[in-house]
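Could you put the whole structure together from the sequences, leaning on the hints where they help?
Respectively, the protein sequence lines represent chains A and B.
For the first sequence, the tail end lands on 602 under numbering that gives the first Met the number 0, and the numbers increase by one without skipping.
For the second sequence, the tail end lands on 346 under numbering that gives the first Met the number 0, and the numbers increase by one without skipping.
Hint data in this document are derived by calculation from the structure and do not stem from the laboratory.
Misleading hints may appear alongside valid ones.
[As the list claims (entries may be wrong)] Simulated DEER-style distance windows between Cβ atoms:
{"no.": "1", "chain 1": "A", "residue 1": "T555", "chain 2": "B", "residue 2": "L286", "range": "20 to 26 Å"}
{"no.": "2", "chain 1": "A", "residue 1": "W556", "chain 2": "B", "residue 2": "T225", "range": "37 to 43 Å"}
{"no.": "3", "chain 1": "B", "residue 1": "I283", "chain 2": "A", "residue 2": "P529", "range": "38 to 44 Å"}
No residue lacks a Cβ here, since even glycine has one placed at the ideal position from N, Cα and C.
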Amino acid sequence: MIMHTPIMMTTLISLTLPIFATLINPYKKRSYPDYVKTTVMCAFITSLPSTTLFILLNQETTIWSWHWMMTQTLDLTLSFKLDYFSMMFIPIALFITWSIMEFSLWYMNSDPNINQFFKYLLIFLTAMLILVTANNLFQFFIGWEGVGIMSFLLISWWHARTDANTAAIQAILYNRIGDIGLILAMTWFLLHYNSWDLQQMLALNSNSSSLPLVSLPLAAAGKSAQFGLHPWLPSAMEGPTPVSALLHSSTMVIAGVFLLIRFHPLMETNTMIQNLTLCLGATTTLFAAICALTQNDIKKIVAFSTSSQLGLMMVTIGINQPYLAFLHICTHAFFKAMLFMCSGSIIHNLNNEQDIRKMGGLFKTMPLTSTSMIIGNLALTGMPFLTGFYSKDLIIEATNTSYTNAWALFITLIATSLTSAYSTRTILLILTGQPRFPAMTNINENNPTLLNPIKRLTMGSMVTGFLITNNIPPTSPPQPMMPLYLKLSALCATALGFLAALDLTLMTNKLKMKNPSQVFKFSNMLGYFPTTIHRTIPYQNLLMSQNLVLLLLDSTWLEKSMPKTISQAHITASMTMTTQKGMIKLYSLSFLIPLTLALFLMM
Amino acid sequence: MNPLAQPIIYTTMITGTLITTLSSHWFLAWVGLEMNMLAFIPILMKKTNPRSTEAAIKYFLMQSTASMVLMMAIISNNLLSGCWTTTSYINQPPSLMMMTALAMKLGMAPFHFWVPEVTQGTPLTSGLLLLTWQKLAPISIMYQIHPSINIHILLTLSTLSTAMGSWGGLNQTQLRKILGYSSITHMGWMMMTLVYNPMTTIFYLTIYIILTTTMFLTLNLSSSTTTLMLSRTWNKSTHLAPLMAPILMSLGGLPPLTGFLPKWIIIQELTMNNSFLIPSIMTIMTLLNLYFYMRLIYTTSLTLFPTSNNTKMTWQLENTKPMPLIPPLIITSTLLLPISPLLLTFH
Numbered sequence: 000m001i002m003h004t005p006i007m008m009t010t011l012i013s014l015t016l017p018i019f020a021t022l023i024n025p026y027k028k029r030s031y032p033d034y035v036k037t038t039v040m041c042a043f044i045t046s047l048p049s050t051t052l053f054i055l056l057n058q059e060t061t062i063w064s065w066h067w068m069m070t071q072t073l074d075l076t077l078s079f080k081l082d083y084f085s086m087m088f089i090p091i092a093l094f095i096t097w098s099i100m101e102f103s104l105w106y107m108n109s110d111p112n113i114n115q116f117f118k119y120l121l122i123f124l125t126a127m128l129i130l131v132t133a134n135n136l137f138q139f140f141i142g143w144e145g146v147g148i149m150s151f152l153l154i155s156w157w158h159a160r161t162d163a164n165t166a167a168i169q170a171i172l173y174n175r176i177g178d179i180g181l182i183l184a185m186t187w188f189l190l191h192y193n194s195w196d197l198q199q200m201l202a203l204n205s206n207s208s209s210l211p212l213v214s215l216p217l218a219a220a221g222k223s224a225q226f227g228l229h230p231w232l233p234s235a236m237e238g239p240t241p242v243s244a245l246l247h248s249s250t251m252v253i254a255g256v257f258l259l260i261r262f263h264p265l266m267e268t269n270t271m272i273q274n275l276t277l278c279l280g281a282t283t284t285l286f287a288a289i290c291a292l293t294q295n296d297i298k299k300i301v302a303f304s305t306s307s308q309l310g311l312m313m314v315t316i317g318i319n320q321p322y323l324a325f326l327h328i329c330t331h332a333f334f335k336a337m338l339f340m341c342s343g344s345i346i347h348n349l350n351n352e353q354d355i356r357k358m359g360g361l362f363k364t365m366p367l368t369s370t371s372m373i374i375g376n377l378a379l380t381g382m383p384f385l386t387g388f389y390s391k392d393l394i395i396e397a398t399n400t401s402y403t404n405a406w407a408l409f410i411t412l413i414a415t416s417l418t419s420a421y422s423t424r425t426i427l428l429i430l431t432g433q434p435r436f437p438a439m440t441n442i443n444e445n446n447p448t449l450l451n452p453i454k455r456l457t458m459g460s461m462v463t464g465f466l467i468t469n470n471i472p473p474t475s476p477p478q479p480m481m482p483l484y485l486k487l488s489a490l491c492a493t494a495l496g497f498l499a500a501l502d503l504t505l506m507t508n509k510l511k512m513k514n515p516s517q518v519f520k521f522s523n524m525l526g527y528f529p530t531t532i533h534r535t536i537p538y539q540n541l542l543m544s545q546n547l548v549l550l551l552l553d554s555t556w557l558e559k560s561m562p563k564t565i566s567q568a569h570i571t572a573s574m575t576m577t578t579q580k581g582m583i584k585l586y587s588l589s590f591l592i593p594l595t596l597a598l599f600l601m602m
Numbered sequence: 000m001n002p003l004a005q006p007i008i009y010t011t012m013i014t015g016t017l018i019t020t021l022s023s024h025w026f027l028a029w030v031g032l033e034m035n036m037l038a039f040i041p042i043l044m045k046k047t048n049p050r051s052t053e054a055a056i057k058y059f060l061m062q063s064t065a066s067m068v069l070m071m072a073i074i075s076n077n078l079l080s081g082c083w084t085t086t087s088y089i090n091q092p093p094s095l096m097m098m099t100a101l102a103m104k105l106g107m108a109p110f111h112f113w114v115p116e117v118t119q120g121t122p123l124t125s126g127l128l129l130l131t132w133q134k135l136a137p138i139s140i141m142y143q144i145h146p147s148i149n150i151h152i153l154l155t156l157s158t159l160s161t162a163m164g165s166w167g168g169l170n171q172t173q174l175r176k177i178l179g180y181s182s183i184t185h186m187g188w189m190m191m192t193l194v195y196n197p198m199t200t201i202f203y204l205t206i207y208i209i210l211t212t213t214m215f216l217t218l219n220l221s222s223s224t225t226t227l228m229l230s231r232t233w234n235k236s237t238h239l240a241p242l243m244a245p246i247l248m249s250l251g252g253l254p255p256l257t258g259f260l261p262k263w264i265i266i267q268e269l270t271m272n273n274s275f276l277i278p279s280i281m282t283i284m285t286l287l288n289l290y291f292y293m294r295l296i297y298t299t300s301l302t303l304f305p306t307s308n309n310t311k312m313t314w315q316l317e318n319t320k321p322m323p324l325i326p327p328l329i330i331t332s333t334l335l336l337p338i339s340p341l342l343l344t345f346h
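Written as structure tokens, this is what we have:
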């Protein structure tokens with residue numbers, strides 16, 4: 000008997016209980032955040048047997064429940080697709096959310112609106128799970144927009160700060176541009192396949208026109224901060240650290256990649272789209288890694304690291320390995336959330352100091368945080384047999400042995416080495432050396448609410464890769480044979496980056512500091528992308544519209560071209576005519592000359 | 000003027016015109032023109048101030064130059080064709096010279112510069128005669144030579160006259176100069192249709208004389224020679240102030256007043272001969288004429304300009320100026336449009 004389905008549905012529905020609790024039950028026995036955290040923990044626990052059963056039986060389920068809307072040609076139902084992707088993702092998402100909620104009990108402790116914060120986090124989680132379990136594009140879109148809106152609300156949590164508001168609006172704008180792609184794809188599917196159900200769309204792969212396959216990567220680029228639509232992700236660090244940990248590292252930003260993973264049967268046959276995705280992802284990963292090298296804010300470094308890993312996921316999709324991309328999503332969530340939580344711990348302990356140039360020597364004062372940070376960074380760079388190794392190394396191997404764009408593969412390798420470079424820089428500047436923060440800072444990390452989630456996620460960063468890869472059903476076969484140098488290429492690139500960064504950082508302590516070079520400025524200013532795009536394009540638009548309407552239309556066509564010109568011409572003519580001197584000689588001359596002229600001309 | 004000399008002078012003037020219109024020998028036509036001019040000079044100098052003298056001298060110089068050229072044209076025509084009759088065909092060079100000489104006598108552009116100055120230098124009644132009676136003789140001659148006139152030159156002169164008359168009148172506040180420029184414009188209109196249908200020229204001339212006479216006599220009633228003085232009409236003769244409006248509008252050619260009729264006929268004649276651009280240009284330029292008439296209407300009828308207290312009671316005093324025929328003239332110059340079929344049977 001298939002038990003995992005009702006258990007999973009119980010999980011999902013139980014998550015909505017605290018939301019309703021805020022609507023109907025004003026009196027709480029214990030604190031509401033605790034209640035929410037416990038709910039999420041229980042949801043995680045109840046989802047585990049479900050996933051285990053699924054892995055054991057390898058039976059996908061699709062639940063079609065309530066008929067929402069029936070038009071002449073379209074049936075919209077509430078349908079949940081519990082297949083490999085969603086069943087694997089739900090426990091991971093719940094585990095991470097549980098840890099982050101426990102962390103934010105410590106982090107947001109002094110916030111008066113902490114109940115609202117937890118409610119927002121829970122609504123976000125619900126929207127994310129709707130997105131992941133959606134079987135038709137309509138439900139998917141509900142989840143998509145839901146995470147977008149919750150992202151807006153959570154980024155602008157401290158809404159009195161203008162930077163936070165600007166960042167929230169920026170996130171919405173860039174996501175909206177991506178939504179164009181999603182809506183375009185939905186429309187195309189509606190018109191051509193007459194259905195929004197995943198089963199039908201993936202089965203009817205008859206005339207694979209490129210239009211939906213171009214718009215889906217556009218939607219993914221918007222949501223997953225690929226190059227061109229990427230500035231919102233670093234700006235989103237204006238939100239509180241739990242928000243960054245949950246939304247902008249583990250769950251929301253992978254929604255775009257998840258969309259592409261869901262549609263991978265359609266993309267298998269179209270090499271142009273694969274090339275597009277590959278190059279886009281490669282550009283993103285390299286650009287984000289370059290930008291991360293010279294940032295001075297911890298959260299921004301981790302944000303760019305996220306962006307770079309998202310690019311790597313896009314690259315994986317581009318070489319037609321959706322299962323590997325999904326594996327990377329799952330493993331990346333662990334260490335990235337943990338990195339954010341460690342950053343949050345450091346920030347709070349240093350009295351809200353986020354600049355790494357003003358940190359240092361935290362290894363002795365915050366041992367657990369620094370240990371977790373080092374483990375997380377090692378997992379990120381793909382240290383053998385930690386979590387990140389199982390997905391990242393497989394990806395690099397697959398890219399090295401696939402028959403696609405060599406330039407994209409090359410810059411992915413460069414980005415890998417840069418990953419370890421900036422991770423090394425982060426560790427060296429934050430954790431080692433002499434402290435550069437004020438002496439009277441009150442550093443205390445001995446709070447179980449803070450440490451337990453970090454410990455959990457540390458364990459996760461170490462063993463999850465092994466656990467997952469050994470227990471999932473077989474997916475696409477990995478490449479069995481390749482030369483030794485290709486197999487070791489990821490490791491070598493990482494080690495190279497590590498050594499170079501180590502040497503450079505130790506050099507800067509000894510030698511005189513030079514003025515920043517052009518390349519440094521390029522990297523520090525995020526490639527000048529926000530600087531040019533955010534002001535120039537709207538300014539040109541407004542200037543053009545002002546000129547067109549005021550100058551061209553109102554002033555020139557309606558006023559100057561006809562009325563003023565005519566009146567001026569007549570006034571000039573009249574004044575020329577009437578300023579005569581009254582001399583008879585002129586009059587006689589005016590008679591003589593035309594007469595002679597006429598006589599000579601007419602003869 | 001000496002009351003003994005006055006009848007002689009006026010009689011000579013009338014006789015001169017009559018001789019020109021009634022003669023069929025070129026020499027006598029020229030003689031009539033000379034008599035007319037010479038008799039007219041003292042009329043111009045009715046008021047003996049230097050301004051009138053200057054006006055009279057300018058008039059004399061211009062007209063005599065024109066007459067000389069006319070004489071030369073007549074003689075060269077006789078050389079070429081041996082004809083002295085005015086009704087026979089004239090060769091082209093003499094015809095051209097004749098046309099320019101007569102254009103100068105009429106005051107058409109580009110020989111129009113004397114018209115506003117001479118009109119300005121003389122009293123209102125002399126100006127009236129200058130602009131109405133003096134046109135009769137040259138137009139009668141042009142009517143007789145109309146088969147041999149070069150169309151292109153004539154149309155050029157007409158269009159130029161309309162343009163110059165309109166533009167010149169825009170910058171004026173002196174009423175006599177305004178009426179001088181208006182006469183130039185009307186001459187342009189008249190001469191447009193000379194080659195197509197000369198009767199329309201005569202028709203236009205008739206209506207023009209009526210309108211201009213009305214205008215001058217109305218102005219003479221309040222002796223106003225500037226716009227400012229015209230703005231005091233509402234004090235002097237209150238019933239006349241709102242009447243200026245239809246008179247001036249008729250002069251400008253607004254339907255449904257009389258002044259519209261001759262313009263309408265001329266446009267019809269021209270369009271029947273497949274000429275569309277020229278009537279359009281002339282009509283549009285004449286709108287400027289209407290604009291400065293409207294300025295006069297504005298100061299007279301539409302607004303009451305401020306005046307000093309002394310002038311506010313002039314309407315109570317009895318008017319001693321003679322008002323010959325003003326009421327019938329006003330009626331004629333504004334209300335003739337409904338009976339236009341009757342009028343047009345004459346052409």
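Hints breached by this structure: 3
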